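Please build the complex by placing chain W on the supplied structure of chain U, with the hints as guidance.
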Amino acid sequence: MRFAAIGCFLLALTACERERRDLRPSPAKVVVFGDAAIQSQILPGGGAPRASVTNPFQGNAYAISEGQRLFGWYNCTGCHANGGGAIGPPLIKDHWIYGNEPANLFDTIVKGRPNGMPSWGAKIPEYQIWQLVTYIRSMNNLEPRSATPERLDTIEQSSRTILPKSEGEPR
Amino acid sequence: MLVGFIGISAAAQIQNQTDDGQWTMPAKNYASTRFSTLTEINTSNVKNLKVAWTFSTGLTRGHEAAPLIVNNTMYIVTPFPNLLYALDLTKTGASKWTYDPHVSPSSQGVACCDVVNRGGAYYKGRIYYNTLDMHTVAVDANTGKQVWKTTLGDINLGESMTMAPLVVKGKVIVGNSGGEFGVRGWLAALDADSGKIVWRAYSTGPDKDILIGSNFKPFYAGDRSPDLGLKTWQGEQWKIGGGAAWSWISYDPDLDLIYYGTSNPGPWNSDQRPGDNKWTSTLFARRPDTGEAIWAYQYNPHDDHDYDGVNENILLDLNIGGKMRKVLAHPDRNGRLYLMDRSTGEVISAEPFAYQNTSDSVDLKTGRISYVPSKITGFKTVRDICPAAPGGKDWQPSAYSPKTGYIYIPHNNLCMEFQGIQANYIAGTPFVGANVRMYAGPGGHRGEFSAWDPVAAKTVWTVKEMFPAWSGAMVTAGDVVFYGTMDGWFKALDAHNGAVLWQFKTGSGIIGQPVTYKGPDGKQYVAILSGVGGWSGAIVAGGLNANDGTGALGFLNAMADLPKYTTSGGMLYVFSLP
Chain U
7 MRFAAIGCFL LALTACERER RDLRPSPAKV VVFGDAAIQS QILPGGGAPR
57 ASVTNPFQGN AYAISEGQRL FGWYNCTGCH ANGGGAIGPP LIKDHWIYGN
107 EPANLFDTIV KGRPNGMPSW GAKIPEYQIW QLVTYIRSMN NLEPRSATPE
157 RLDTIEQSSR TILPKSEGEP R
Chain W
1006 MLVGFIGISA AAQIQNQTDD GQWTMPAKNY ASTRFSTLTE INTSNVKNLK
1056 VAWTFSTGLT RGHEAAPLIV NNTMYIVTPF PNLLYALDLT KTGASKWTYD
1106 PHVSPSSQGV ACCDVVNRGG AYYKGRIYYN TLDMHTVAVD ANTGKQVWKT
1156 TLGDINLGES MTMAPLVVKG KVIVGNSGGE FGVRGWLAAL DADSGKIVWR
1206 AYSTGPDKDI LIGSNFKPFY AGDRSPDLGL KTWQGEQWKI GGGAAWSWIS
1256 YDPDLDLIYY GTSNPGPWNS DQRPGDNKWT STLFARRPDT GEAIWAYQYN
1306 PHDDHDYDGV NENILLDLNI GGKMRKVLAH PDRNGRLYLM DRSTGEVISA
1356 EPFAYQNTSD SVDLKTGRIS YVPSKITGFK TVRDICPAAP GGKDWQPSAY
1406 SPKTGYIYIP HNNLCMEFQG IQANYIAGTP FVGANVRMYA GPGGHRGEFS
1456 AWDPVAAKTV WTVKEMFPAW SGAMVTAGDV VFYGTMDGWF KALDAHNGAV
1506 LWQFKTGSGI IGQPVTYKGP DGKQYVAILS GVGGWSGAIV AGGLNANDGT
1556 GALGFLNAMA DLPKYTTSGG MLYVFSLP
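Protein sequence lines, in the order shown, are assigned to chains U and W.
Count the first sequence with our numbering and you get residues 7 to 177, in order.
Count the second sequence with our numbering and you get residues 1006 to 1583, in order.
With the rest of the complex left out, here is chain U (with noise of 0.2 Å):
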């Protein structure tokens, strides 16, 4: 009994993150870098700096969501298409340069990148950047599976079973 409770209050705890929303997010431009994200794995003298941010929308479905939304809007999916990647690298990938913590991603949208990245920071809200920032990590599985959606009908479908059969091949 006492552990069903415990499991109950921890389920709507996880509940409570998946469904938070902020009401009024603040449409401020970015003031908070993730800087302390590292992305080397050299650690001259032992010892690694941590994170010093986090992601407030970690595990939240709805910031997924608007992260699909604003993937779009933003004209990521110009360079990045649907994850597979154009101009752009894909975002559904093992390998990141620039890393694929949160803060590493959020740096990444917000200082633009020396090969074609552009720099986002004076453009987009900070909720918003880690709205795409929580997609991105969903599109890679890294955010819980109970708050991420089905991927788009555009991905991991097999061109048989969508596209037109071509000549000579029974319709």
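To be clear, the hints were calculated from the coordinates, so they are not data collected in a lab.
As the structure is a prediction and not an experimental result, all values here were calculated from the model.
Ideal placement from N, C-alpha and C gives every residue a C-beta, glycine not left out.
Going by beta-carbon spacing under 10 Å, a handful of chain U positions derived as facing chain W:
1. Gly78
2. Asn88
3. Lys99
4. Pro124
Chain W in isolation, oriented as in the chain U frame:
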């Protein structure tokens, strides 16, 4: 037959250009035939072709440029960072010098389809070429020192430069790229001596910006109203409507006209830009001295499928129906090969050279193309559109042989499904509004290499290719035609019948432009840059993830297997007979 030639001798035909065995401009000559009169390598001995020497560019993005060969030196313009290598042909390609224009790395973020460059042009002791970050440079061909560097635009407006300039009457003619970024397209002329901008002709907007004046005489009545570059748009959409001049220029010295095409309108979602969207997807004839427009013809009014009008224009004097006519041949993205009177802009024929189902015909009385209603796109999903966005043929330039009379066309066999979505204009970012997925057209192969008879307006022979034929073509008086494939084969075909006479497997897929020249030892050489990439090869050059078929503007869906066949890496190969 004889009657037809009265008034213009064979030697005076524009396709019969003088040839000094060098390669000084992108398409070999002003007529853009990519035809060499060299005959040492021919159909009987090409099977003996061997590698003479190679050169690594040290870069891994798509290599689309044609090497230039002048005064026993070879010049290679690389993809970003747009280095210029000078190689000494008297010393088996030893490096003479390297020029680095210090291109902004950020410009890679506004290059729609890999960070390619299509090469340079030589003129009076200098090499001229464009950099991805909106500069044209003049480099001393002997010393490698920069003579001038002119800024032509702003990457923060989504502009980039990838095309190869043409130098005409002391003017370096260049244009911008960015039809997928909501740029306002233009062509400009720079003074070759000083680098000063002499004129700039926009593709959209009021007539005065397009350099349309009293001498503008388009062939078709529908094109003759004033300010069509404004009135065929809603509001101020023309300011972000595309029409970039990112590809080839040809020049007829007798008519004193340059010819070039403009890109697709932006965004791709055509419901967001009602109207004909002039002068996007258009062929312009202009005076090189002033830029003044003499005539124009819009291939694809209100383009629905990303059918740019930028493909090459090959200038020919042909006997059409018993009459000698000054024509140009243009294989368009829409899959039709336009044969046009280059004096007037009249369409003589416009027959399909690739499988297509988006248009029924081109009305030769009005010049207007008739679209198939079920293939018109917008805020909806349309399937089975052929050709796909890269067209029946993209930038990859064709060649023409005055000996066979055929045009050799490397092209695509691709179809697509197209889902229009809302495009949101943010300066400096893509402006597309579509989820696209491409796939192989009828037959299941994705490319073809065809010989086309421009007089009969039909295909003579076709070689099927597994991947899109994304390299340029080159043909010689030895009746050999050269091109490369995306899985790395460099091929020599019999120009008469398409039989494969020789092929060589290079280190990476080929999307470059073959050239041929007479070396310092008097021998004939053939050169090609290997190094896959470009829009079609972005999956390899950019390491993209094909699980998302919409990647690379939908090309990923059609190229998911390319990484099994090739890896990236730029390398020049030079071949000769032993």
